[in-house]
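4 protein chains.
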Amino acid sequence: MMIVVMEKNASIQNISSVLQIVEECGFTPHVSKGEERTVIGVMGDERGLITEKVQTLKGVEKVIPTSKPYKLVSREWKQENTVINVRGVAIGGSTLTLIAGPCSVENEEQILEIAATVKEAGCHILRGGAFKPRTSPYSFQGLGEQGLELLALAREKTGLPVITEVVNPNQVELVAQYADILQIGARNSQNFALLQEVGKINKPVMLKRGMMSNLEEYLMCAEYIMANGNYDVILCERGIRTFETYTRNTMDISAIPLIKQLSHLPVFADPSHATGKRSLVPPVAKAAVAAGADGLMIEVHHHPENALSDGAQAILPNELYKLVRDIRALSDAIRR
Amino acid sequence: MMIVVMEKNASIQNISSVLQIVEECGFTPHVSKGEERTVIGVMGDERGLITEKVQTLKGVEKVIPTSKPYKLVSREWKQENTVINVRGVAIGGSTLTLIAGPCSVENEEQILEIAATVKEAGCHILRGGAFKPRTSPYSFQGLGEQGLELLALAREKTGLPVITEVVNPNQVELVAQYADILQIGARNSQNFALLQEVGKINKPVMLKRGMMSNLEEYLMCAEYIMANGNYDVILCERGIRTFETYTRNTMDISAIPLIKQLSHLPVFADPSHATGKRSLVPPVAKAAVAAGADGLMIEVHHHPENALSDGAQAILPNELYKLVRDIRALSDAIRR
Amino acid sequence: MMIVVMEKNASIQNISSVLQIVEECGFTPHVSKGEERTVIGVMGDERGLITEKVQTLKGVEKVIPTSKPYKLVSREWKQENTVINVRGVAIGGSTLTLIAGPCSVENEEQILEIAATVKEAGCHILRGGAFKPRTSPYSFQGLGEQGLELLALAREKTGLPVITEVVNPNQVELVAQYADILQIGARNSQNFALLQEVGKINKPVMLKRGMMSNLEEYLMCAEYIMANGNYDVILCERGIRTFETYTRNTMDISAIPLIKQLSHLPVFADPSHATGKRSLVPPVAKAAVAAGADGLMIEVHHHPENALSDGAQAILPNELYKLVRDIRALSDAIRR
Amino acid sequence: MMIVVMEKNASIQNISSVLQIVEECGFTPHVSKGEERTVIGVMGDERGLITEKVQTLKGVEKVIPTSKPYKLVSREWKQENTVINVRGVAIGGSTLTLIAGPCSVENEEQILEIAATVKEAGCHILRGGAFKPRTSPYSFQGLGEQGLELLALAREKTGLPVITEVVNPNQVELVAQYADILQIGARNSQNFALLQEVGKINKPVMLKRGMMSNLEEYLMCAEYIMANGNYDVILCERGIRTFETYTRNTMDISAIPLIKQLSHLPVFADPSHATGKRSLVPPVAKAAVAAGADGLMIEVHHHPENALSDGAQAILPNELYKLVRDIRALSDAIRR
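Protein chains in written order, with my numbering: chain A, -13 to 322; chain B, -13 to 322; chain C, -13 to 322; chain D, -13 to 322.
Simulated from the structure, these hints should not be mistaken for laboratory data.
We put the CB at the ideal spot given by N, CA and C, even for glycine.
It is possible that some hints are incorrect.
[Said to hold, decoys possible] Pairwise CB distance ranges, derived in the manner of DEER restraints:
(1) D:Asn67 x C:Asp318: 56 to 62 Å
(2) D:Thr14 x B:Gln(-1): 23 to 29 Å
(3) B:Ala138 x C:Glu22: 47 to 53 Å
Model the full structure from these sequences, guided by the hints.
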């Protein structure tokens, strides 16, 4: 369904052209002639070309779609929350899911040490990057397949499921052999070739919000994955780009309850990338939980000063222990 | 203190001119010649013209101030939190302060009814607009002085202190006769003539963040008020403007803990203006408290459909009761 | 006229409430029931409360105004271009109007020297700030009334009309005694108290676009001035705030032809504030003229390194001479 | 080279840790102790980890890199303009290069008809999408390889070189078999896997600016391609995302002269995507040329109302003829 607003001085011919195209496309127009201008309501499911077609016609001021462009993602399509089970961890259900780990897998000692801490702190899933999208071609790009092997080793030692990023459609199969959840990073959130590829596997996908995606576009990215057959999609707010540069990005905290209204998919928050500053991770993590997030993804490192990437936003092990305790108390208070 | 980065191909003459001006202004330059380019550190308090002067010189690539431009506002200047006492309500201390009320004072019945609810719900201060800055000259502009009188009446009936907006330097004195706290709205946050005027009175001022102000600029606006002699300034994050239009503004949740780090002033959050949507007010209010806000400002209305302004973002009385209960539980859990 | 889109699961009661309010307000609703949802068209001039009222009702997903909120400003209201005559200079007509001068009036020698250059370069109007809105309370705030007197002196010597900024509703009368055009700066573009005041005088007003105002809000600010009786409004695009910080602001070049479509008012561009960098002023000035600007406002200074404000964006006299020549050639080529 | 600004209350131990790491990494620190705080200059080429390492240390307020992060892209590395020769068309030289064509290749008749117009209008290169990145999985995604064949046919008939987008690292080789220039779209501008792949071929690449990339990030994307061995990179400003939604994006006109200062690579402008509105394409195209663009990329269609994508921003053939004439006149006037 869409609304076509004609210009104030649109001619009868202009209006006729719109009506003709609408009818040719198999829709029913409802014409309302006001004192100032004519408005045409078009009934039916307008997904497809008709919006674009009508927009180009003479005398048309604007076309306003009134249906949402996404379908499988929407709560209108599925009322109850989607709960995804990953090796016994339920994501999107009644309890909070905590993912933690280093930005990058750096070596065996590092990932095993951090994995043990993540486990001990009471988190549920281990994160760690093997393929890293870096803004500079001269920065560390990740250990690649070796990183995947180390993640598998850490899983074996701790029992924690692992999540890691995939950046190339070619490597989806490879990454899916090792990871329990595949992550699509913010810079690839509109990499449709990649979205289609992860839509064809049967492993859950965490899709981070692009720093430039509004909510509708973001949900359309999830729709890409679902439209290709993979319904196990986890959303993750990680900050958008704004004029404020004090923080790395601006956490769009309202997006969390909004997505819960619009969609049945689980919604996480990533306070590490949203803020880029260690000291802001705990307060923003708590805020996300208070706003209704289903889970958190947090970067932690024993020696941030030696981290090969993003050390400034990693919290220390003792900060993770404290944060998990605080979040549990908060979470209990809210659910009461 | 500032850093002057010279261009790669800056000449010796270019460098000399910088040194000369720096010394003329009474500062000491420290020159570091690198392989690629020369960098000049300038020691001393560079507030004033020297930054701008040097920026215009030939061969200068950029000038980077390393001191913060604000002083009285900074936590470096004052370590302990500022606590402001308003008719027995302590703002910025160990307990959360809740401000609630309608967007506009509309008539006696309306303001008294809402004031009673605000009191009963356990909130501490009553808000209500008498002078309204509206984007359209054809919208309701507030009751003016009559609105101030009605607020005073509501205070008399409930004992709640009142806060209301001032939009014109001419009216600061008038508004200060009635209000316990004067509010500067987001659109006037860089109205320096108004800031100077409220800097000269001895009533607390709540300064909302401009929707286009970065944190440094925002704190400079508070500095304007303090530099004029009024130290009782309350800050309030109310959302910034971004590309996301699903919400009225984007609540910059990280700003709350950040301001607490940078400044000793109390920080509030206004989830009503930040979101513009009733259903998002409770989750975003909770998020702000979890992030460390000293207080909240919330719009409430018994009949939002009859509100003369901003009805869509006002919560209902029963929603306010529930929200206050939830926030108290949350607040207790955090402070444990 | 407005469109009310109901939620997918809106009840018949929800729809009835909307129809009732619409009719109570004196409008005629047109109901279109689609397969998915109901849409209600409301005919008539909906300026006023009805949009806000309906937005708060249960079952309403969104309300879409289809009329523009501004009227006097619109080209629908007045077809032909507004041409404003200032001491013999026609603004908004078939020839380009060039305004140049320093950011601030600093002293007699400075303003007279620059005024002579501005005149000699072939520019038409002299700019110079006497009351300066500065982000820091510790920066130079302008010479005040003495600055106005010096501008009047420069006008006397050169014959050039003068434009200067007004920042306080109190000072509108004072500034109007000296200036030929009053300027409202970007930070005051939504200072409605000030807009109303300049709406009551009979001198032209140049209204700069706020750095966070979208076009509709910007035109509403002009509507404020016109609704108060002053029809001689000049618009000026001076850059908006975006995530890109390499330039001081981001010149919204498309706004120039867009405003010419939407409004009959003259549109200027200010490449000095838009870029903040001397080397970018000439190319961006040319771009603005190519995009259809009616005029330019450019900062010039003989000794930018001694300027008391904004020296980094002021071009030198010889750069102004060259720019004016280039722009004339460009302007001739376009009009051919 | 970088500057490390210590916190006001940094301890001697904090400073020592920084000095130690700087020296371990093989750099020379220069310490400047001011009254307020200590600043440490680090000489040498700091590309690599040292910036990140230092940022995580205690007592460090901020780290300011003073070298640019890109090298091969910079004008400091290569003074003279890069000129790229594509089948006899020189790009980046003294004459303007005009690229035009439909958003998508739709069928043989359409592309041949438009190609003939593009040729006749005096444009130099034909554009047309075969692989289309669309925000909806339900929209037309392009003809794929068949589209490439049709482009090759159009080249054969007209002699015009062709440019088309590649969206998947897998398809780079395929697209390079047909296209004379490969295009990387805005949504893939930080798809590093794709950038690396086009960096390995020996065909020119047009890299569009991401709608959320600042200039430094954008130039780093070009650096990715060059660092992989392909030096024939063409940049293209196509609008960034801002809060202004009247236009599809906001053309960052200043970026054109700025990139010309920072880099030796050719810079184009795409007024079609920047504005999204047919009526704004001609004025914004002229503005880009006036600002110094080396070329333009323009969407044209004989029957925009039947276009399978982006019809609203395509100009008509007669508008293209007029625009090319206007631009030639403008271009002549500027170069005089």
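Here's how the hints hold up against the structure:
1. Take D:Asn67 and C:Asp318: their Cβ atoms lie about 28 Å apart, and the range 56 to 62 Å is violated.
2. Separated by about 26 Å at the C-beta atoms, D:Thr14 and B:Gln(-1) satisfy the suggested range of 23 to 29 Å.
3. For B:Ala138 and C:Glu22, the hinted distance range of 47 to 53 Å is satisfied, since their beta carbons lie about 51 Å from each other.
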